[in-house]
Structure formats: C-alpha cells, structure tokens
Amino acid sequence: MNAKGFFAAPVRDPKTAIQTHRVPAEAPWSGLVKRGQSIRIIDLEGQQAVDTLFYSAADFADRYSSQDTVRVQGAAYVTTGTRLISNEGHLMGVVTADTCGRHDTSAGACSCESNTARFGQHTRYLHACRENFVYEVTKHGMSKRDIVPNINFFMNVPIAPNGELAIVDGVSKPGDYVEIRAEMDLLCVISNCPQINNPCNGFNPTPIEVLIFAGDEG
Amino acid sequence: MTAEHTAADTEKDARIAANRRRYEELKAAGDHAPASLPGPTPRGLPLPHGPLTREIIPAGWYHTLKLKTGEALRLALIDAPAAVSLICWNAHETTERLNYADTLKIQWTARLQKGRVLFSDMGRVMLSLIEDTSGAHDALMGGSTAASNRARYGARADVERLRNTRDNFILAAGKLGLDRRDIPPAITFFAPVGTDEGGGLVWGTDNRQAGDFVDLRAEMDLLVALSNCPHPLDPRPDYAAGAVEAIRFRATPPDLDDLCRNATPEAARGFENLAR
Ligand SMILES: [Zn+2]
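First to last, the protein sequences are chains A and B.
Mapped onto our numbering, the consecutive letters of the first sequence carry residue numbers 1 to 218.
Mapped onto our numbering, the consecutive letters of the second sequence carry residue numbers 1 to 276.
These are calculated hints, taken from the structure and not from any lab test.
Note that beta-carbon positions come from the ideal geometry of N, C-alpha and C, so glycine has one too.
The reader is advised that the hints may include incorrect statements.
Partner residues aside, some chain A positions facing chain B, computed with beta carbon under 8 Å [as the list claims (entries may be wrong)]:
hint, residue
1, 37
2, 149
3, 163
4, 164
5, 196
6, 206
Calculated Cβ distances over 12 Å to all of chain B for the following chain A residues [what the hints assert, rightly or not]:
hint, residue
7, 22
8, 30
9, 96
10, 175
Keeping only pairs whose Cα atoms sit at most 30 Å apart, straight-line, the calculated DSSO-like set for lysine-lysine is [unchecked claim]:
hint, chain 1, residue 1, chain 2, residue 2
11, A, 173, A, 34
12, A, 34, A, 139
13, B, 27, A, 173
14, B, 27, B, 12
15, A, 34, A, 144
16, B, 68, A, 144
17, B, 66, A, 144
18, A, 173, A, 15
19, A, 144, A, 15
20, B, 175, B, 68
21, B, 175, B, 66
22, A, 34, A, 15
23, A, 144, B, 175
24, A, 173, B, 12
Next comes chain B alone, as it looks inside the complex (with noise of 0.2 Å):
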C-alpha cells in the first residue's frame, strides 16, 4: 500500500474484492456445463399425442402460427435436407420475443441441443428443445436474406426471385399485425453452424435427412414464424431445399424433474421467472 492510497481508494478495492467473490460464487455454483444432456432423439420417435394441426411448408416458404402454453411444435425434415428458422414474441405482449444472444450467453453455449430453452429478452424461457434428433442447429448467424443468395447462387439468372428468410419473416410478421422493426435475430434449425479455433463460422458435419425432427414445448402463449430456406452457409451448390412438416401438438407438461427446467441453473431460473 503506497502513502496516495487513499481511504476511498480502499473502499474501492474491497468493492472490487466483494464483486470478485460473489462472481466465483455464483461460477462454482452455476457450473456452466450441465449436469449432464442426453444423447439426441431416435429419429421415428413417435408423437406422444396426435397432432393438433399440421402444416407442410414448401422450399422457400414461411408460416406463423400460435401455440399456447403446454403444446408443442414439431419440425420434421420430410424429404430432403432443409433448415428452418425460427423467431417468436409472447403472444400477450409482443416486445418480449425470442432474443438469441440471451439464449447462448445465459447457457454458456452455442450449440443448442435437446435439454436446452431458448430464453426470452425478458429472463424467462419461451421454448424447451425436449426432442431433437441431430443437435447440430445455428444459434449465431440467423438465416438467409436477399444479399446472402445474391452471394451464393448469383450464377443463376433468376437470383433475385429466390425467396429468402429476412424477407419471409416481414411478410410473416405483417401478418400478425407487426413490422419490421419487431424481427428479432433467427435461430435456424437443421443447420451445422459453429466456429472453428480462431472464430470462423463453419459449417460442421451435415448427417442430416429426412425424419430429422425437432419438437420444441412452448413456456408461454407464443406467436411464432418459420422460415424454410437454405442457410447462407449450406455448401450446397444449388438453392435446394425440402419440404418441412411443422405439426403442433399437446406436450406432456413439464414435471418438477423436467430436463430442460433443470438442465442448469440458470434455465431452473429461467423457469422461475415464468412462474413470477
């Protein structure tokens, strides 16, 4: 301690020191790994009650639709690889939506899985990924816009009429009375996308095919957009895409040892904020 350490310098260091320690706390507490996540879902698993409704989205097309609470939305690959995007907003007050950023920092990762939630930009858990098959989905880059097929298939003459994820979800949010400047940032299902030593978006290994599903348990009263177009980063040379299956249907609700309400502390959390 040198004689200009002041009084107030003192008290900022044990200010400093206090918020050091409840940091370490929380972090020995937290563990950001999981207790331990299962393996991914059989592909065939059958839903565990008959579908609500079902809806077959075309390569390139985009559908909204509402779930409540206690249902549940199943995206099953039908014939061909394909990636789905996914935003969403509480159906009750649309300036709570689905906030990707939240989803990873607050989890401590990047690749979402089955036994993972997507959280809110409110704290609070929209979404359990309770079934899932490949576990290879982008949470960091989104999906296509009318620049990024410019990019990819500018070889093909009719580049600019190839339908694309931005441009899907303004039309898909018009359509339920709210505009562009509600789109949030996408998570895209069905597709391999994370990062390699130095940071650099790679697609990973793609063993995707038809019967990839995932089923995703809404938390709250939801409006949700899809968007089925090929990812920016999808090797595929041609702008090629299958059909997608979304079909809603009654999830098992959540009991007190669900794992995706305890997977880590912070998604029991996450939960608790619901109930609040």
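The following block holds chain A by itself, in its conformation from the complex (with noise of 0.2 Å):
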C-alpha cells in the first residue's frame, strides 16, 4: 500500500522532455509551464538550494503564497504530495514526484540586504537570490514587489517545537529532483541561489537543469 495514496511518483525519461534548460550557478530563469505539463527541477550536483516562485500566467497578481501553502498543508515542509496554493486560494500545481524527501518554504530568498544584516555589512555586495527574482520578473512586467516568500527546493531549514529555525547542510545528492504537475498555466520563476555564507549550497552553488514534460492527454 502507497502511504502517499494516489500520488504516485511518475516515473519518466528524460529524453521525452519537450523542453530541457540547463541554469548556470547563481543564475535566474523563467518560463511558462502550461496547465497539465510538469516542470522537473534537478539539482545535478547535490546540495544545491533552488529558489522558485509561480504566478498565474493569465494574472501575475496570482502568485504562490507559501502561508496558505502551509496552512493547506497542515505542515511547514514541502514534499511529494503538497499542493502549491496561490495568495488567491487557486491550487496551482502539485508536488508529484521528490527524490530528496523534503523543502522548506518558510525562509524566504536571500537578498544583499538581508544578509548585510544576517552576517554583516562586507556581504552587502555580494549576489544574492532577490537579485535573480527582481532581474528576471522584469521581463514579464513585474518589478520588486511582485517578489514574496518563495520556495527553497533542497534547502533543508527544520523549524523546531520550541520554534528554532536553522538551515544546515543540503539533503540532496547529485541528480535528486523535485516534480511539479501545473495545475493551471504558470510562469515558473527560478533563482539558483547563489547564497556562499551558509550551508545550503555546500558553499559552492553549482548549476541546476529544469525540464519540461508535455501533459498526459498531450
């Protein structure tokens, strides 16, 4: 008996991708995952953390909500199984497949301003996800404050009873993925996170891949 019930991990090859993009380390990405296509994020050298947002392609105003996620959810964490709820209540898409087990969508992107205050002035300058985020919703007419709390895939943030917050070394290995069956059209929005001061890249950001699978009923 499957303990996650009708989700089922759908297993495909990825050469029948319709679209394959391969983002460098630190680097943004955006693209349109149309309803009932699957958007497959791979972390291909492990420890890498994948900062996404989702808006609603027909109305950006839209966008993921990680609070009515959670509260959904009934659970801080996402995985196999969680549905992705926008600001406007509409189920966006849903998490299909996670070969990595779990992701934390409660601490947010890392911004040059947020780490001046997190580790110091000297990182100020240094490229952080926000960045990406601002950058590449530009492109769709957004601007900053299009920008909410996000999803960190792979980046493992326990949250503890006593509500104690860490983010500590990346669960992944290399070639873990997380799958997202769009449940209407989305523009998917990606940073990969270019953070170097605390373990959620190993210290190291490396690229990612992003493939795109046509729907079941094509």
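Work from the hints to combine the two standalone chains into their complex.
Next up, the structure:
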C-alpha cells in the first residue's frame, strides 16, 4: 500500500522532455509551464538550493503563497503530494515526485540587504536570490513589489517545536529532483541560489537543470 | 589527492573551505540564540505615555493607520480571545514591506516574543516587539481567507458572508492607494501556532485572555493594516472573535542598550541598516 495515497511518483525518461534548460550556478531562469505539463528541477551536483516562485500566467497578481500552502497542508515543509496554493486560494500545482524528501518554504530568498543583517555589511555586494528574482520578473512586466516569499527546493530548514530555526547542510544528492504538475498555466521563476554564507549550497553554488514534460492528455 | 586533481580543483576546494570558515566564524560570533529574552510582560502594564489615537476594531473587521518613527501601537484583547493579523509598508517607499520569512530567518526563530523585531525585505527593522503578555504568535501561517473560512465553518449557512483577513487586506491596501500585488504575507498576533517534531503545524497552549496585549514600536514611518479575524487554526467551533483595541502612543525612544536592538547581532545590524 502506497503511504502517499494516489500520488504515485511518475517515472519519466528525461529524454521525453519537451524542453530542457540548463541554469548556470547563481543564475535566474523563467519559463511558462502550461496546465497539465510538469516541470522537473534537477539538482545536478547535489546540495544546491533552488529558490522558486510561481505566478498565474493569466494574472500575475495571483501568485504562489507560502503561508496558504503551509496552511492547506497543515505542514511546514514541501514534499510529494504538497499542493501549491496561490494568494487567491487557487491550486497552482502539485508536487508529484521528490527524490530528496523535504523542502523549505518558510525562510524566503536571500537578498543583499538581509545578508547584511544576517552576516554583516561585508556581504552586501554578493549576488543574491532577490537580485535574480527582481531582474527576472522585469522581463514579464513585474517589479520588486511582486516578489513574495518562495519555495526553497532542496534547502533544509528544520523548525523545532520551540520555534528555533536553522539552515543546515543540504540533504540533496547529485541528480535529485522534484517534479511539479501545473494545475493552471504558470510562469515559473527560479533563482539558482548564489548564497555562499551558509551550508544550503555546500558553500559552492552549482548548475541545475529544468525539464518540462508534456501533459498526459498531450 | 588523485592524479586528476587539477589546479582548478585545488582553487575550488580552497574557495569552499574559505566560505565554510567564514560561515563557522559568523555562526560562532552570532550565536543563534539571543543573549537572553525576558519573560512575558505582566498584564495591566499601563502605557508609558498617553494615547494619541484609539480605535476599537470589531470582530471580523480591519483598520489602517500610519505610525511615525518613535510611535508605538498597542494591540489589546478587550473582551475575549481574538487574533490580529498585521502587515505594514514603509510609508515613503511602499515597495519596502514586512517580510515574515526574513523576520524569522534573520533571527533564527519562528517564535515572536518580547525582544524580537519585525524585518522588512530590505534588511531593516520595521517594528520592535517591546512589550508582549503572551509570547504566542503566528509567524508561519498568516491569516484567514474565504477558502479557510469555508473549510473551517462550512456548516454555517452564512459561511460566504464571514469576513476574512485576505479580503480585509485587499480593502485596506485599496484605501492606502495600494493593490493586491502589494499585500505581503502577514504576522498574526495572539495565535499560538507552532510546529511539532514532524513539521506539522499545531495550535499550541491557548491561554489568551482579555487584557493580553503587544506593544509594537515603529522604527521607520509606516503604513499599517490590521485584520481582526479568527485564525484558521483556532479550534473553537464558532467564528468567534472579540473586539480588539488599537492604541497609538508615543514610545520611549530606544537607547543604546535597548532590548530589541541588542537581543541579537542580527537585530543590531537591522538597526544599523536603518541608520545608513
Ligand atoms: Zn539565495
């Protein structure tokens, strides 16, 4: 009996992907994922945090909401079966496969500014995820005000019952991936995290790969 | 070292080692636990200065206000348990707004209590939690929505008419000249939300009572939106909430040994960023 109920992890041959994008270390990426299609994010070398946002392609004001997602799940972490919920309460996608096990959605993206508070002023001029997000969303007519707290795929941020929160060594191995089936037409925006001040990237940002698969109904 | 280990590999290993060393040093210097946070504020503590404005927010409703640097806001439960969701923006640059994720990541905790601060997305402190009688607030889940009301109170014939925090914030933002794109995730005071060992979200010990309050000191000029709706995890079967009082008052300015400024090196740097 599958403990995860009706969510069977799809086994797909990467060669059947209709799109393949290699995202260099530290770089942003964005693309459309149509309803029914699936997006696979592959951590090629392991221990690489991938900060990810989703917007409804039809209405960018309808976007991924970390708080609605954890509320609907009743759980702080993202894994197979997690329904990704928008700020308008819409189902954006479902995590249909996850070889890693657990992903953060409470700690948001790194930024030059938060880095100064976390690590000191000398980290201000290091590339950061919010820089990637701001740059990338401008290609779609959005701006900084459209950046909301995201999912950190492959990032390990345990929250203890006493509230304590830590960013600890990434658990992903080379080739680990997550797959999300789009439940509406989505704009996916990724920052392949440049953070070198904590263990989320093993202190060494590496490239990732993004595959998009056609929907079952073609 | 293998024969294939090139000069480039050696350089990479050195870079990783240097990054790790810097992190270990920062971690040791920062020490993620605050030096020590005081216990909760006793109920009944009077305001340090007379109120500037006073508003009673009925159950289900919202309120917007402006807070100037050095002013503070007391949110107080008047007659029954209630939860108050809060979002805020820099009054002069509304693209700078409350960021709950940075708030908890920077301070290494999902537990807000007296001595903690609320961060903007620009690494700066917006509000300091200078007094707090309960120490049990929600920094993970935000407020209610039409969908969460439906899920919680679906048996009620009038469920579609129950007010919710998401819609309240859309109205509040609209009245401030902002729109739904500008609404950041919320922090909800008086909602004892935490996680269990497995990461499940749980409603903790609920000892809220009339007289509970938080005092929030503004560290920059702010636009603030408040929503007084039952929290989606509140186990009470009815859509029940009490009125909440929002009192704006002049705060005692933070001195150099201010609790919130000095609780952690991270908060201290958040204050430094304000002064830059
Ligand atoms: Zn990052």
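Checklist line | Hint check, failures only | finding: Violated: hints 1, 6 and 19.
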